[in-house]
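**Student:** Take 4 as the starting number for the sequence shown in our numbering and just add one per residue.
If you are wondering where the hints come from, they were derived from the structure by calculation, not from laboratory data.
In silico EDC-like links for lysine to aspartate or glutamate, alpha-carbon gap of 20 Å or less:
id	residue 1	residue 2
1	Lys74	Glu45
2	Lys74	Glu49
3	Lys75	Glu45
4	Lys64	Glu49
5	Lys68	Glu45
6	Lys66	Glu49
7	Lys68	Glu49
8	Lys64	Asp28
9	Lys61	Glu49
10	Lys64	Glu45
11	Lys75	Glu49
12	Lys61	Glu45
13	Lys31	Glu45
14	Lys66	Glu45
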Amino acid sequence: MGRVILAQCKGGSAISRARTFHRKDPAKLRSALTIGNVIPLEQMPEGNYATIVSHNPKGGKTKIKLPSGAKKTLSSTNRAMIGIVTGGGRIDKPILKVG
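Let's have the full structure, built from the sequences with the hints guiding it.
**Tutor:** Structure (C-alpha cells):
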C-alpha cells in the first residue's frame, strides 16, 4: 500500500505522452515600449534602463548587465518585462528614534 508514483499512472513510455506542456510559442503580437509590457530582448533598444549592453543579430545573442554588476549573454528570443524596480528609494528614508 504505498504511494502511487505519477509515472506509473501515466505510463512509462514517451510514445503515449505528448511533449507539448512546457512549450512556449514565439511572441506573435507587437507591443509598444511602455512600462508593464513583456517583449523579446531583440526588440528592446540598447541602453534600456542601462541593462541591455549589446545585440548580436547574427548569433541571436544579447548581452545584459544585471543590477549586481554581473554580465550575462542570453538568447535574443528570451522575453523581459519593462518596468521600474520596486523599493528603489527604500534606503533613502531617514532613520528616526522612537519616543
